[in-house]
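**Student:** All chains, please: the whole structure from these sequences, using the hints.
Chains as they are written, first to last, in my numbering: chain F, 1 to 703; chain X, 1 to 703.
It is worth saying that the hints were derived from the structure and are not from the lab.
Note that this is a predicted model, so its numbers are computed, not measured.
Wrong hints could be hidden among the right ones.
In this list, chains with the same sequence are indistinguishable; a pair is considered to hold if it fits within one copy or across any two.
As the list claims (entries may be wrong) - Straight-line distance between alpha carbons at most 30 Å, and here's what the computed DSSO-like set of lysine-lysine pairs gives:
(1) Lys37 / Lys360
(2) Lys565 / Lys590
(3) Lys12 / Lys37
(4) Lys518 / Lys236
(5) Lys236 / Lys466
(6) Lys590 / Lys236
(7) Lys360 / Lys375
Protein chains: 2
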Amino acid sequence: MSESRALDAFFKPDRVAIIGLSRSAIDAPISILTTLKDYGYGGEVHIINPNFPDLPGYHVHASLDDAPPGLELAVVTVAREQVNDVLRGCIENGIGAAIVITQGLADADDEGKRLQDEMVALARDGGLCILGPNTIGVADAFSGFTSSFIEAHRETTPIGLIAQSGLFMMGHNIVANEPAGFCLSADLGNACDVSLVDLLDYYETVDAVEVVQCHLEGIVDGRAFVDTAARVSRTKPIVALKAGRSETGQVAVASHSGAAAGEDAVYRAAFHEAGVVVAENAEELRLLAKAFARLRPPQGNRVAVMSFSGGGAILAIDAIEGAGLTLATFSAATNAAIGAHVPAWLELQNPLDIWIPVAKDFHTNYPAILELLLKDDGVDAVICIYCSYTMPKYMDVNSALYIGPLAAKYPDKPVLGWSYGMDIAGMTEEIENNGPAMVFPSLDDAGRTLAKLSAYAAWRDRPAAKPAPEFKVDDARVTNILGRAADTGATHLFSQAFEILDAYGLPLAPWRLAAGAKELDGMAGELSYPVCMKVVSDDIVHKSDSGGIVLGIDGPAALLESHAKLLADVTRRQPGADVAGVLVQAMAGKGKEVMIGAKQDPVFGPCLIVGAGGIYTEVVADFAFRLAPIGEAEVAAMIDDIDFARILHGVRGEDPCHLPSIVDALLRVSQLVVTHPAIREIDINPIIVDAAGALVVDARIIL
Amino acid sequence: MSESRALDAFFKPDRVAIIGLSRSAIDAPISILTTLKDYGYGGEVHIINPNFPDLPGYHVHASLDDAPPGLELAVVTVAREQVNDVLRGCIENGIGAAIVITQGLADADDEGKRLQDEMVALARDGGLCILGPNTIGVADAFSGFTSSFIEAHRETTPIGLIAQSGLFMMGHNIVANEPAGFCLSADLGNACDVSLVDLLDYYETVDAVEVVQCHLEGIVDGRAFVDTAARVSRTKPIVALKAGRSETGQVAVASHSGAAAGEDAVYRAAFHEAGVVVAENAEELRLLAKAFARLRPPQGNRVAVMSFSGGGAILAIDAIEGAGLTLATFSAATNAAIGAHVPAWLELQNPLDIWIPVAKDFHTNYPAILELLLKDDGVDAVICIYCSYTMPKYMDVNSALYIGPLAAKYPDKPVLGWSYGMDIAGMTEEIENNGPAMVFPSLDDAGRTLAKLSAYAAWRDRPAAKPAPEFKVDDARVTNILGRAADTGATHLFSQAFEILDAYGLPLAPWRLAAGAKELDGMAGELSYPVCMKVVSDDIVHKSDSGGIVLGIDGPAALLESHAKLLADVTRRQPGADVAGVLVQAMAGKGKEVMIGAKQDPVFGPCLIVGAGGIYTEVVADFAFRLAPIGEAEVAAMIDDIDFARILHGVRGEDPCHLPSIVDALLRVSQLVVTHPAIREIDINPIIVDAAGALVVDARIIL
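**Tutor:** So, in structure tokens, the structure goes:
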């Protein structure tokens with residue numbers, strides 16, 4: 001679907017046709033008819049079914065041919081064998097939009113995939129706009145329309161929901177005893193036509209939507225998503241849960257919704273670039289959407305804690321520091337003022353254990369201390385830990401009386417609440433109804449949410465990124481090498497990878513190619529020893545596993561000996577491998593091994609990778625990812641994202657490594673993979689960096 | 001307190017004195033009198049207060065002198081200035097046990113610490129057993145006695161609770177709408193006398209306690225805890241939350257309860273050894289205690305999932321794999337039988353998306369499929385994802401009808417439930433009341449809990465550990481070196497560290513000491529080059545920061561040059577440092593750098609550490625900890641706990657490193673720190689290991 005096609009027909013149709021409904025749907029609990037009625041839809045509903053009885057309040061027709069013109073939307077629930085015929089009928093009838101609830105298409109077997117391909121062609125050729133198949137459809141609290149067969153609550157929470165599963169489109173609104181619903185919701189299903197990007201575009205235009213909440217299993221057009229999401233989230237925060245993180249999970253994703261899931265790290269890089277706030281699970285998704293809808297992001301990371309219990313205060317510290325926030329330091333004035341409310345022996349420090357003043361005079365001390373914290377310039381947010389006992393006898397010690405109103409008085413400082421154990425007295429509702437505060441099921445949730453609110457604000461307010469530099473490189477040479485590789489069907493480039501990197505100005509350790517002993521003999525006198533020797537063979541992927549590497553060759557005699565030994569070892573360990581020659585390279589000096597890489601991600605296109613190099617690459621998952629191309633500042637930030645950066649900056653009196661060389665190399669690799677998409681993967685490992693500069697020692701390109 | 005003193009006087013007193021109660025406590029909501037009445041205590045309550053009115057049902061006395069003999073327990077709530085006088089009165093009256101609720105002792109300032117020291121002396125000299133101070137005390141659902149001023153629910157959930165904070169002793173029982181309470185509970189407070197170990201000993205003897213739940217802020221006698229917990233948890237699982245993980249958190253712990261918190265890693269090592277199940281936060285503590293009380297640990301890690309929603313099924317995969325569990329593979333027979341309930345195009349795979357059969361015929365298909373999964377020999381546990389809609393119209397699709405009863409039929413296979421959003425219709429209770437199943441607030445919680453149940457069973461059923469070997473070593477030499485260091489007040493040993501390791505048979509790279517140029521000149525002809533040179537100085541801790549290391553010295557001439565340069569550099573960078581000489585050492589060959597260490601933990605005593613060595617030690621938090629001494633098998637397991645073990649086992653065609661050398665070195669270090677507790681810390685970094693063996697290159701001992 002193109003961006004310009006509006007989705008109003010799905011959300012605010014005046015006349016709807018329902019096709020495929022059986023008589024048993026009448027008064028059934030799980031039925032679109034029941035849901036539409038309960039949700040309060042006021043438009044015309046046309047039921048298309050030759051065997052359906054007359055039903056007061058509905059228009060029943062034997063077939064679409066009998067229906068009047070002017071129907072805006074069809075909701076289709078027929079079996080998969082009939083679905084495309086029905087859609088043809090819709091096109092003939094002039095209906096412009098269809099929600100296809102039918103399952104068993106690309107979410108199922110090969111026949112289902114074939115039927116869905118046919119459906120896509122129908123949509124394209126007939127100008128029909130399709131949501132689904134395998135969807136529950138939409139709900140719109142303003143128009144009162146929903147295609148769901150499960151009841152929705154008609155609330156106008158300023159959240160626009162996009163889900164790739166009915167559970168997440170409908171689920172939490174109906175079962176959660178908290179105001180965390182939605183005003184608009186859509187289930188993408190298999191997303192054969194109306195896409196995630198279409199819905200983002202649409203929600204951007206709806207004023208009532210202030211926060212977008214996404215449950216995603218896979219994205220098809222990653223770059224369009226990043227561009228759209230980056231634009232939308234500047235004014236409307238987007239929170240997203242990406243399901244299917246594990247490898248097995250990704251297999252199930254593929255079979256569930258027909259969309260291939262990308263790798264988790266690449267998704268995170270894309271979300272980072274687009275300012276999308278990442279939820280780690282279903283519960284956090286709900287909490288984050290609610291938090292962004294209720295709370296203004298804090299100005300900073302300094303958190304004050306006031307707790308009915310010292311034990312709770314200590315847990316708050318763990319939660320705050322675990323989330324990367326810091327404990328606020330109170331001003332002297334704040335401490336002096338709090339001091340008036342507590343015994344002299346009580347230490348005035350954050351977190352504040354307020355049990356004694358609370359037990360002594362709750363109604364004076366509780367609001368006074370909370371307001372002192374909110375007024376302190378060194379405090380960006382406050383976490384309140386209270387008791388939510390439910391017995392009437394304790395209702396006099398009710399923090400809800402004060403938290404909401406004081407939060408409303410200081411709206412730039414989020415107030416977060418927690419009590420140990422579940423709240424069953426409606427205290428959460430009382431707090432949240434009284435002001436822009438929010439109660440969390442755990443302190444860790446409160447800390448993580450605060451950190452994400454703060455990180456979003458930093459993203460939104462960051463300076464504009466400078467564009468990536470354009471290096472003068474020898475693209476003709478690269479095109480030529482890639483063309484030759486394509487001709488021979490080569491998929492793994494090794495010595496040609498050195499040539500490509502050379503053409504792009506990367507700093508290579510001096511190297512020479514030799515087809516055999518004769519060429520080696522010819523160059524032996526010109527080399528500066530020690531050198532190393534690596535086998536060149538399209539058949540050998542892991543050179544060290546095959547005896548194809550000799551290190552520390554210290555002179556001409558050893559050079560020829562090493563060559564003979566290398567050939568013998570390779571022949572023994574990998575018989576039949578076609579050896580084109582050897583690459584002779586100056587041994588790299590001491591330095592730190594870094595890994596630089598790039599790949600064409602099937603969803604998001606070219607991505608850059610940097611990490612700890614050498615053998616550590618295999619063991620320590622210490623990588624940072626970004627989408628390419630990116631500018632210099634972001635590359636520097638990317639390097640600082642890896643733990644290994646501490647070593648590169650110099651530890652224990654070591655000189656710092658020359659990071660500009662690594663930045664330069666990453667920028668050149670970025671330009672390379674963006675310019676030459678035929679390069680599917682590139683691994684530079686290691687590039688060795690010391691205080692003076694960097695040198696590429698080994699590299700591999702996969703086409 | 002000694003192990004033999006029973007705590008019955010605290011939990012089941014027949015006659016209690018309450019000292020320090022004011023008139024305002026009568027009928028107040030926050031009052032021990034109110035709580036005792038509501039909890040249903042039937043014993044004699046003696047109120048000691050000269051100004052208290054007569055109160056029906058209570059015995060009021062002006063002072064303890066007026067009270068009858070035979071009082072078993074005193075509950076003391078007077079101000080801190082009077083508390084020790086009151087305790088003296090208790091001793092005179094023959095009362096053997098006191099719960100001291102008073103705050104402001106070691107939890108506060110220096111005066112409070114002094115008063116608590118006085119209290120400890122009183123307890124010891126007067127034979128008085130004290131719980132607290134700074135405690136809420138106890139609750140016992142069987143005797144009906146509690147000293148709490150906050151109401152407790154009288155339930156007999158087979159959980160014995162131990163907390164270091166009133167919040168955790170009382171909190172969840174009263175507010176949680178789930179059966180996760182306790183039958184016995186105690187708040188240790190400042191634990192000046194009755195200790196964590198005493199309570200574990202006591203709960204071990206109470207048949208009604210099947211699971212022990214601990215909230216801990218710090219442990220005083222770590223070894224006694226480990227020994228007791230290891231014994232108790234063989235029959236009664238212990239779940240524990242250690243609050244105060246972060247560094248700031250630990251400062252607050254010290255000031256909160258007067259107990260020093262140990263480092264998180266050492267706590268985890270201790271819990272691991274004792275089979276204690278670790279909770280990461282307050283919510284997980286509650287869930288784990290409930291899970292161990294309700295569910296039998298599974299026989300293995302293979303989990304089946306049946307879900308109302310495909311979207312939920314994918315999240316279950318993320319949760320299962322994130323917790324280190326595996327997705328069960330169904331048998332052919334199971335698949336064939338399930339096939340009878342689903343359309344042909346639906347793929348039969350785990351996780352099972354059962355929406356279609358559920359929507360078609362819930363009451364046939366739901367129980368049939370669940371039972372098929374429970375019967376499959378390849379399934380160890382089942383996660384059920386269902387909808388818990390609360391409207392009467394959906395009550396026919398009620399999974400609670402079947403989950404509990406089927407869980408009861410297959411009690412060796414835990415059944416875990418989850419629905420998206422909070423349950424407000426009592427469905428959780430219905431499921432849990434019908435059988436040994438359990439509902440979780442998130443899929444991640446379900447996965448983590450299952451993994452911890454399974455890990456506990458593996459710990460419980462593990463083979464007995466073999467004792468640590470005893471090496472023949474030269475302890476006299478070590479004692480001599482340590483004695484000399486003590487005489488000179490040295491705290492950092494460097495060349496002496498080499499001597500100590502030599503005495504313990506660790507493999508050292510050949511080394512010689514030279515006081516100055518003359519000694520160097522004398523040995524220059526005997527060294528096998530290349531060598532390195534390291535400064536020997538008590539004043540220099542980080543040798544490389546001070547220019548105190550020269551590498552790659554290739555002959556006698558360079559040896560003397562390097563010495564002059566080293567002295568000049570050290571003098572320039574650390575003027576005034578007292579240089580005793582230099583250590584000359586053969587350069588180590590190529591190999592992998594490992595770090596081995598040990599420390600005397602203030603709580604748990606000697607601990608061993610192994611990790612990635614060299615500069616990686618500083619950056620990658622890749623360590624494993626164990627309490628010393630330990631046997632060979634556990635040392636091997638410890639090494640496999642670090643990520644770096646993959647490199648040691650050989651990656652990319654490299655020969656594996658000689659791990660027995662590392663195991664041997666760790667065992668010798670273990671014996672060293674156990675035998676010589678004067679060694680506070682030892683760092684061997686790196687010990688370089690290759691295919692043939694290991695060589696210690698650098699070491700440091702701190703006294």
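**Student:** If you check each hint against the structure, which ones fail?
**Tutor:** 4, 6
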